[in-house]
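Peer 1: Chain by chain, the residues run as shown.
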Amino acid sequence: MWRKLYQWLEERLGLSDLYKSLLDRPEPKGNWWNTLGSASLFLFLMQGLTGIFLTVYYTPSPDHAYDSIQYIMTGVRFGWLIRGIHHWGASLMVLVVFIHMLRVFVTASYKYPRELTWLVGVGLLLLTLGMGFTGYLLPWNQKSYWATTVGTAIAGTAPFIGEFIMKALRGGSDLSALTLSRFFAAHIWILPGLLAALIGVHLYLIIKHGESAFPDKDD
Amino acid sequence: MTDSHHISRRDFIKLATIVGGGVIGTIIGIPGLVYLLDPALKSEQGETWISLGPLENFEIGKPTLVTFVRSRVNGWEKTSSSYGVFVLRKSETDVVVFSNLCTHLHCRVNWVEEKRAFVCPCHDAAFDIDGNVLGGPPPRPLDRYEGEHAKIEDGVIKILFKEG
Ligand code: HEM
Ligand code: FES
Numbered sequence: 002m003w004r005k006l007y008q009w010l011e012e013r014l015g016l017s018d019l020y021k022s023l024l025d026r027p028e029p030k031g032n033w034w035n036t037l038g039s040a041s042l043f044l045f046l047m048q049g050l051t052g053i054f055l056t057v058y059y060t061p062s063p064d065h066a067y068d069s070i071q072y073i074m075t076g077v078r079f080g081w082l083i084r085g086i087h088h089w090g091a092s093l094m095v096l097v098v099f100i101h102m103l104r105v106f107v108t109a110s111y112k113y114p115r116e117l118t119w120l121v122g123v124g125l126l127l128l129t130l131g132m133g134f135t136g137y138l139l140p141w142n143q144k145s146y147w148a149t150t151v152g153t154a155i156a157g158t159a160p161f162i163g164e165f166i167m168k169a170l171r172g173g174s175d176l177s178a179l180t181l182s183r184f185f186a187a188h189i190w191i192l193p194g195l196l197a198a199l200i201g202v203h204l205y206l207i208i209k210h211g212e213s214a215f216p217d218k219d220d
Numbered sequence: 011m012t013d014s015h016h017i018s019r020r021d022f023i024k025l026a027t028i029v030g031g032g033v034i035g036t037i038i039g040i041p042g043l044v045y046l047l048d049p050a051l052k053s054e055q056g057e058t059w060i061s062l063g064p065l066e067n068f069e070i071g072k073p074t075l076v077t078f079v080r081s082r083v084n085g086w087e088k089t090s091s092s093y094g095v096f097v098l099r100k101s102e103t104d105v106v107v108f109s110n111l112c113t114h115l116h117c118r119v120n121w122v123e124e125k126r127a128f129v130c131p132c133h134d135a136a137f138d139i140d141g142n143v144l145g146g147p148p149p150r151p152l153d154r155y156e157g158e159h160a161k162i163e164d165g166v167i168k169i170l171f172k173e174g
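So the protein sequences, as listed, match chains P and D.
Each residue of the first sequence is one higher than the one before, starting from 2 at the first, in the working numbering.
Each residue of the second sequence is one higher than the one before, starting from 11 at the first, in the working numbering.
If you are wondering where the hints come from, they were derived from the structure by calculation, not from laboratory data.
Quick reminder that beta carbons are idealized off the backbone N, C-alpha and C, glycines included.
Some hints could be false.
[Stated by the list, open to error] Below 30 Å or equal to it, Euclidean Cα-Cα: the simulated DSS-like pairs (lysine-lysine) are:
| id | chain 1 | residue 1 | chain 2 | residue 2 |
| --- | --- | --- | --- | --- |
| 1 | D | Lys88 | P | Lys144 |
| 2 | P | Lys209 | D | Lys24 |
| 3 | D | Lys24 | D | Lys100 |
| 4 | P | Lys21 | D | Lys24 |
[Said to hold, decoys possible] Have a look at the derived ranges for each label pair, beta carbon to beta carbon:
| id | chain 1 | residue 1 | chain 2 | residue 2 | range |
| --- | --- | --- | --- | --- | --- |
| 5 | D | Thr89 | P | Arg26 | 37 to 43 Å |
| 6 | D | Ile40 | P | Trp9 | 31 to 37 Å |
| 7 | P | Arg13 | D | Cys117 | 54 to 60 Å |
| 8 | P | Ser174 | D | Ile28 | 53 to 59 Å |
| 9 | D | Lys100 | P | Ser182 | 55 to 61 Å |
| 10 | P | Trp147 | D | Leu46 | 28 to 34 Å |
One chain only, chain P, in its complex shape (with noise of 0.2 Å):
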C-alpha cells in the first residue's frame, strides 16, 4: 500500500532524484568550515520561525510595541524562550555567516566558476547586516531608538543623495511612527523575501557546480 502510493509519487515528482541531487550528491574531503554555509540556512529558517511566532504578540505602533514585547516577556508562556532564540539568533548567523564568508575567502572558492556563487554571497551578506539593522529598532526602546537614530543619520552623510536616503530610511526626516511600520515591512517582508530568494540561487550555483575541492601544494 504505501510502497504502491510512494511508487505513484515518485513516478510523477522524481521524489529520488530530487534525493540524490540534493542530499546525496558527492563531496570533496572537507572540514567542519564546510558546513557553514548549512548552518547560516538552518540559522535563517530558525529566525524566520520564531519571527512568525513574534509577530503573533508584537504590535508595530509606538505606543504599543514596547509594551506589546513587555508582554511577550512576562506575560505569555515561553515568550521568553521564542524572543531569547530570535535575539540572540539574530548576532549568531552575523558571525556564522561572515565566517562562512571567511572560509570561502581562505580555500579560495570564489574562483571560477564560483565567481556568481561569491557574489550571490555579497548580497546574502548585506541582507543578513540589513535584517539586524531592521530588527533592532522594533522594540522601539530608548537603545533602539537612538541606535536607529544614528545608523539612518550616518546614511545621511552620503554627499549629495544622503539627505534623500536618509529621509526615505526614516519615512520623513525625523524617527517616527512611519519609520518603525517601514522597518517592521522590510524585516518581515521585503528583506526576508530577497534572502529567500537569493539563499535559492546560491543553493542552486552550490549544487549545480559541486563544492569545491580545498587547494593544495600544487595550486
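Once you've looked at the hints, dock chain D with the ligands against the given chain P.
Peer 2: Leaving out everything else, chain D with the ligands in the frame of chain P:
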C-alpha cells in the same frame, strides 16, 4: 549491508539525524505550541464585589439603572467597559438586582415607566417588572443577582460581579 547486525555509517548518520532532529523538534515544538495557544490556556480574572449604593437611594417599586465601569487588561492593552444593572426595591428590605443584558442577544434593555416593562431596542422584546418575558425572542427571564451573588452590607447593596 552484508552483515545485518551492523548498521552502515550512512544509515547510522541518517538515523541519528532523524532521531536527533525529532528530539530537538519536540523540545522546541511543545513550548512553541504553548506560546501560540497561551491566551486560550489562561483562566480569566475572578470576581469582585461591586457596591450599588445605599438602600435608601432607591425608590420602592421602581427599577433604577446603576452603571459602573470596570477596566481589564488584555495583553498589553487596558480597556474600560461600562456595565449596568437594574435595582428594584420591592419593599423596605427586599431588593432584586437584574442584569440589563437582554437574554436574547445581549443588547441593553431600558425600563419604560409608561409600559411598566423593560424594553429591548434590538428585536422588540419586553420583560415585566420581575424580569419575566412578555414578548419577543428572548428564551428566558432577565438574569438576576441573587443568592450568594448579592448581599446587603451595612445598608449598602452589593453584587458579586464576574469579570471576563
Ligand atoms: C544567508 C547567508 C548564506 C547562506 C544561507 C549560505 C549558504 C551556503 C551553503 C549551504 C553552502 C554550501 C557549502 C558550505 O556550507 O560551505 C555555501 C557555499 C558557498 N557560499 Fe554561502 N551562504 C551564505 C552567505 C555567503 C556569503 C556572505 C558568501 C561570500 C560573500 C558566500 C559565498 C559562498 C561560496 C563562494 C560558496 C561555494 C563554496 C564551495 O563551493 O566550496 N555565501 N553557502
Ligand atoms: S437582543 Fe434583545 S430582543 Fe434581541
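Peer 1: Evaluate each hint against the coordinates.
Peer 2: Hints, one by one, checked against the model:
1. Between the alpha carbons of Lys88 (chain D) and Lys144 (chain P) the distance comes to roughly 26 Å, so the proposed pair stays at or under 30 Å and holds.
2. Under the criterion of a C-alpha separation no larger than 30 Å, the hint pairing Lys209 (chain P) with Lys24 (chain D) is consistent with the structure, at around 24 Å.
3. Taken as a hint, the Lys24 (chain D) and Lys100 (chain D) pair is broken in the structure, with Cα atoms around 80 Å apart against an allowance of 30 Å.
4. Straight-line distance between C-alpha atoms of Lys21 (chain P) and Lys24 (chain D) comes to about 14 Å, which keeps the hinted pair within the 30 Å bound.
5. For the pair Thr89 (chain D) and Arg26 (chain P), the supplied restraint of 37 to 43 Å is violated, since their beta-carbon distance comes to about 57 Å.
6. With their beta carbons about 34 Å apart, Ile40 (chain D) and Trp9 (chain P) fall inside the hinted range of 31 to 37 Å.
7. Distance hint check: the CB atoms of Arg13 (chain P) and Cys117 (chain D) are about 57 Å apart, consistent with the given range 54 to 60 Å.
8. At about 55 Å, the beta-carbon gap between Ser174 (chain P) and Ile28 (chain D) stays in the expected band of 53 to 59 Å.
9. Checking the proposed 55 to 61 Å range against Lys100 (chain D) and Ser182 (chain P) shows it holds: the Cβ atoms sit about 58 Å from each other.
10. Range check, Trp147 (chain P) to Leu46 (chain D): Cβ separation about 33 Å, and the 28 to 34 Å hint holds.
The structure fails hints 3, 5 (numbered hints given earlier, in ascending order).
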